[in-house]
Amino acid sequence: MKIIVLVKQVPDTYGERTLDPTTGWIDRAGSDAVIDEIDERALEVALSYKDAHKGTEVVVLSMGSKAVTVGLRKGLAMGADSAVHVLDAALEGADAGWTAAAIAAALTSTGFDLVIAGNESTDGGGGVVPAMVAEHLGLAHMTFLESVDISADQVAGERATGQGTLRVHASLPAVISITENLPEARFPNFRGIMSAKKKPFRVASLGDLGIDPAVTFAGVGRSVVLQATKRPARTAGTKIVDEGNAGVELADFLVAGHLI
Amino acid sequence: MSNILALIEVSSNGDLRDSTSSLLAAAARIGSPVAVVVTTPGAGSALVERLGNLGAAQVFLAEIDQGGTLLVAPQVDALAAAVSTLAPGAILTVNSVEGRDVAARLGVRIGAGLVIDAVNLRSEGLTIVATHSVFGGAYTVESTVQGGPMIVTVREGVIEGAADAAVPVVTTVSLTSDASNSAVIDEVIDVVVASTRPGLRGATRVVSGGRGLGSQEKFSLVDQLADALGAAVGASRAAVDAGFVAQACQVGQTGVTVSPQLYVALGISGAIQHRAGMQTAKTIVAINKDADAPIFDIADFGIVGDVFTVVPQLIAAIESRGKK
Ligand SMILES: Cc1cc2nc3c(=O)[nH]c(=O)nc-3n(C[C@H](O)[C@H](O)[C@H](O)COP(=O)(O)OP(=O)(O)OC[C@H]3O[C@@H](n4cnc5c(N)ncnc54)[C@H](O)[C@@H]3O)c2cc1C
Ligand SMILES: Nc1ncnc2c1ncn2[C@@H]1O[C@H](COP(=O)(O)O)[C@@H](O)[C@H]1O
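Taken in sequence, the protein lines are chains A and B.
Those letters in the first sequence? Residues 17 to 276, by this note's numbering.
Those letters in the second sequence? Residues 11 to 334, by this note's numbering.
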């Protein structure tokens, strides 16, 4: 079984994240870049399947700037067998449509049985890339899975919908995305870090993947940011230390604000 | 006015989802709302009058037998069929799990650009402009689609007001979806809302509990205050991870985003990822033992104290006022 995990490099959510006011793009220089936590969980799903099924091949794949190398190396150190980096200056500021087209082309060039992604990236991605990739490839998708059961020829799971749960399955090959209900990822160990340096690492440009943006995206709608405005930060109000009467004082505050 | 397609979500027993009214209101802001619905053959006509009352000028019924068995393929096919007959100015779905999947697949199929998680929509001449609230409300961003069709997913419950009622023009088509590239639904387990408590999304008051509540049993303090205030119950990720409360209650970056009149944070430190889901609340109240907890930086009223002494006193004070 060959499993490809889609990983995206995002600004660390523990830091303050900023947008470039002129382009509306995420200011990636302004914060530390890490692999999105949800994608590490996606990799964990693949690696735990590999632990139990010898002969499984796990590939980490990312589209992004030069900085993505670090994240892909971490994926290799965690236990992936090889990495694919889609890198092309024309992809700077790519919207979901361009991203999905580039990822789908890279997946076609690599071949796979199962693609695992995160349900939603934390840097303002909209939780749409995995299903877009599936449509490009003409495959079934199952997104927002809260549990995953992989077998030799199919994948099944439970999908959270907001209103309840669906039990779903699809024949392989298929594209799935998982939620943070799945376990946290393992840490890379020393041996993993050392062996990562020797693992295959392929860099592919759009040309390598047979994409000429002027042709491939002709007539295709592209989302563009018109304007980005920073809202004034919130400030602290009253702060009291409880000396036995704080509950009553809070009730008074709520009454004064017509909140009760 | 151009046609604006709105994909209406229907529950497993055929009822319109609560999101219907706000999605049609969103469509009415930028054109003439067309409700697109997937139904089993014959079942759609029962929905037409209600869709008209909620503002649909037209109803496009796609009768597809596989509606309950194939995962979103019927919804994608229904919209694709409506696009080819109605030449819409834009296509709207709810920014739900299903809505985003449909938007994603349809976008690739018809070469549309996607605008995700809009909180408002307006027309500027021929351009449709969507507004977003990004990084937990730290930024307001406006976007549009250039060079091709536009699909927008609209955040649930944020667009208020209702479109004017209409007597809709009805189109019925019968379709069959390709089962070979769709996942199969084996079972639908809809949540039965047993409590009378308001839902988290769109709630006007929210009381959330964090790791500071200590255990699942003691988390009931959050429920008690929520009931005293008529509020929805929320939680931090740490409280969810510890099993105090269901994942659906998680507020924050990777949970629900709320924007209530009143948000009460009990035993929550206020990590940046939690604040991303609640910092646009009108009034924020926090109770935390640690005077340095970051939640106090954004609280309008902060109490440095123990939730287990302050909250019971607060509930008693609220109740005694109720009796006066
Ligand atoms: C990618 C990513 C996404 C994330 N998404 C989310 C998200 O969506 N939502 C979210 O909430 N978090 C999210 N987190 C986690 C976040 O970083 C924090 O770990 C989490 O919010 C902490 O929850 P907490 O405040 O309940 O716990 P803690 O940080 O442990 O805080 C508990 C607080 O309770 C106080 N306390 C203890 N006992 C009492 C008492 N008796 N009375 C009063 N106060 C008391 C303590 O002083 C402390 O401040 C995310 C993290 C990552 C990396
Ligand atoms: N540039 C990218 N490179 C690799 N994977 C991506 C990229 N963008 C999105 N993905 C995958 O798609 C998931 C959902 O992303 P999004 O649709 O952007 O919210 C992520 O968790 C990743 O698994």
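These aren't lab readings, by the way, just hints derived from the structure by calculation.
Be a bit skeptical, because a hint or two may be false.
[Claimed, not checked] To give a feel for the contact side, a few chain B residues facing chain A, derived at Cβ under 7 Å:
(1) Gly78
(2) Leu81
(3) Val93
(4) Leu96
(5) Val107
(6) Val144
As the structure is a prediction and not an experimental result, all values here were calculated from the model.
By construction, the Cβ of each residue, glycine as well, lies at the ideal position given by its N, Cα and C atoms.
**Request:** Any hints from earlier that this structure breaks? Give me their numbers in increasing order, please.
**Result:** Hint check: 1, 3 and 4 fail, others pass.
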